[in-house]
Each structure stands twice: as structure tokens, then as C-alpha cells.
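Undergrad: Below, each chain spelled out in residue letters.
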Amino acid sequence: DSGVTQTPKHLITATGQRVTLRCSPRSGDLSVYWYQQSLDQGLQFLIQYYNGEERAKGNILERFSAQQFPDLHSELNLSSLELGDSALYFCASSTSSGGATGEQFFGPGTRLTVL
Amino acid sequence: SQQGEEDPQALSIQEGENATMNCSYKTSINNLQWYRQNSGRGLVHLILIRSNEREKHSGRLRVTLDTSKKSSSLLITASRAADTASYFCATGSGGSNYKLTFGKGTLLTVNP
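Protein chains in written order, with this note's numbering: chain A, 221 to 335; chain B, 4 to 115.
These aren't lab readings, by the way, just hints derived from the structure by calculation.
Just so we're clear, the structure is a prediction, and the values are computed from it rather than from any experiment.
Some clues are possibly wrong.
Said to hold, decoys possible - Listed below are several chain A residues computed to face chain B (Cβ distance under 7 Å; list not exhaustive):
id : residue
1  : G248
2  : G262
3  : F265
4  : A276
5  : F289
6  : G322
7  : G327
8  : G329
What the hints assert, rightly or not - Quick list of in silico lysine-lysine cross-link-like pairs, DSBU-like style, CA-CA up to 35 Å:
id : chain 1 : residue 1 : chain 2 : residue 2
9  : B       : K102      : B       : K73
10 : B       : K59       : B       : K102
11 : B       : K29       : A       : K277
12 : B       : K73       : A       : K277
13 : B       : K29       : B       : K59
14 : B       : K102      : A       : K229
15 : B       : K59       : A       : K277
16 : B       : K29       : B       : K73
17 : B       : K72       : B       : K102
18 : B       : K102      : A       : K277
19 : A       : K229      : B       : K107
20 : A       : K277      : B       : K107
21 : B       : K72       : A       : K229
No residue lacks a Cβ here, since even glycine has one placed at the ideal position from N, Cα and C.
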């Protein structure tokens, strides 16, 4: 158990809908990262927050957005869902940010299925 | 785009044998990390090697890094059936915009 929790575990929804994925980092970790894992694209970095502020951005679509709250939990919002958004979404956390970042601790993931 | 590329894509060995996986990358890095993923589950950090290090050990794991060739290898010695998983290398690069970029992984199957 990494100490990172994600809810829900599974999510099934329809095209065009909007969903929110939630992540609670390990106690004391200030950085939260979101990743998308699919068979064709592999594991793709989406976005990072550090202590409430956006720190780094990867291949995140404009239909997706995220935020980190004062209690450090984070939410990833996916809107206007398409079939191709079906994937495993992972949250990870770490103690630091920037070039000093080392190990990231991954949550169990949310499996999103868009029908 | 993927920074790290693992090789081979799949590897099948017998219990007790050693498993070697390789990773190549394209740009300069701060560090390189190896992660393990059991089917459909979260990734677990195995080992981190910094750009100024050449070799690192952790239990049955040995990682090497050759920055001149932009490559790394992960050796698992005396493999066990429980080592069956996907193994990913991840390159860490950037300063304030630091990112971990994962390869597509090597699927290791250890047969009992």
C-alpha cells in the first residue's frame, strides 16, 4: 500500500459526459501528479500540482482540468468524454518538486470506461 | 512522445534465471527510475539512479546508467515467479518544469 488513495476504483460513463476523479496523496507529500495509461499511448504524464499550484504540464487535453485543494487532495476533471478517453488514470505523489523530485508513489488507479 | 524505450518488449524466463531489461532515452536527464507494475495495478518504485551515478544495487536489483549512450539496464538476479510484472523505466528531466517520462515497458514472465 503506497499511501495514495484514489476514488472511484471504476467508472463507467457515456460519451459527452463529465467525470471527476479524486486523489489523496501520502501524508506529508506536497506534489501530486496525474497520469493516463492506455494500451496505445502507454503511460502519459498529464499534470503536476505542488502545494496547490500547477507546476508542470504534460499531454493534457483542453477538455481535462485538475486542481489541488488546501488539504492537498487533488481532483482531475474530464469533460466531453470520448471513447478514446477510456484508460487507467493514476495519481502519484512525492515529497518535493522540480529537479529534486525522486520517487513517486502511485495510487491504485481509476479505470474509466466511456461507452 | 515517449522518452524511454524499453527493450525487449516481452521477456519470458525460468525461475532462478537472471532477467535483463534495457532502456534507451533521447534527451539529457536528472535521473532515471525503474518502476514495476503488476497487471492493472499501480506502479511501484524500484530504484532511482542519478545522472552522475553509473551503477546502483538494491537487493536482487542492479541498475546501470551510461549517459554517453543514453541507456540504462535493469538486472533482476535469481528471478522468482512473483517477479512477473511489467517493468518501466522513467526519465526525470527539466528544472522547475520537471517531468517523469515513462517508456512502454517490458513485460517479464517468470515461469515456475
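Undergrad: Look at each hint and say if it fits the structure.
TA: Comparing the hints with the structure gives:
1. G248: violated (16 Å)
2. G262: Holds: closest Cβ of chain B sits about 4 Å from A/G262, inside 7 Å.
3. F265: holds (5 Å)
4. A276: Status holds, d = 5 Å.
5. F289: violated (22 Å)
6. G322: holds (5 Å)
7. G327: Holds - the Cβ of A/G327 comes within 7 Å of chain B, reaching about 6 Å at its closest.
8. G329: At about 6 Å, which falls below the 7 Å cut-off, the nearest Cβ of chain B leaves the hint on A/G329 intact, so it holds.
9. B/K102 - B/K73: holds (17 Å)
10. B/K59 - B/K102: Since the Cα atoms of B/K59 and B/K102 sit roughly 22 Å apart, the hinted pair holds (cutoff 35 Å).
11. B/K29 - A/K277: holds (20 Å)
12. B/K73 - A/K277: Roughly 24 Å separates the two Cα atoms, so the pair holds.
13. B/K29 - B/K59: Holds, at about 21 Å.
14. B/K102 - A/K229: holds (25 Å)
15. B/K59 - A/K277: holds (30 Å)
16. B/K29 - B/K73: Satisfied, since the Cα-Cα distance of roughly 7 Å is no more than 35 Å.
17. B/K72 - B/K102: holds (21 Å)
18. B/K102 - A/K277: holds (8 Å)
19. A/K229 - B/K107: The given pair, whose Cα atoms are some 23 Å apart, holds under the 35 Å limit.
20. A/K277 - B/K107: Answer holds: A/K277 to B/K107 is near 20 Å, not above 35 Å.
21. B/K72 - A/K229: violated (40 Å)
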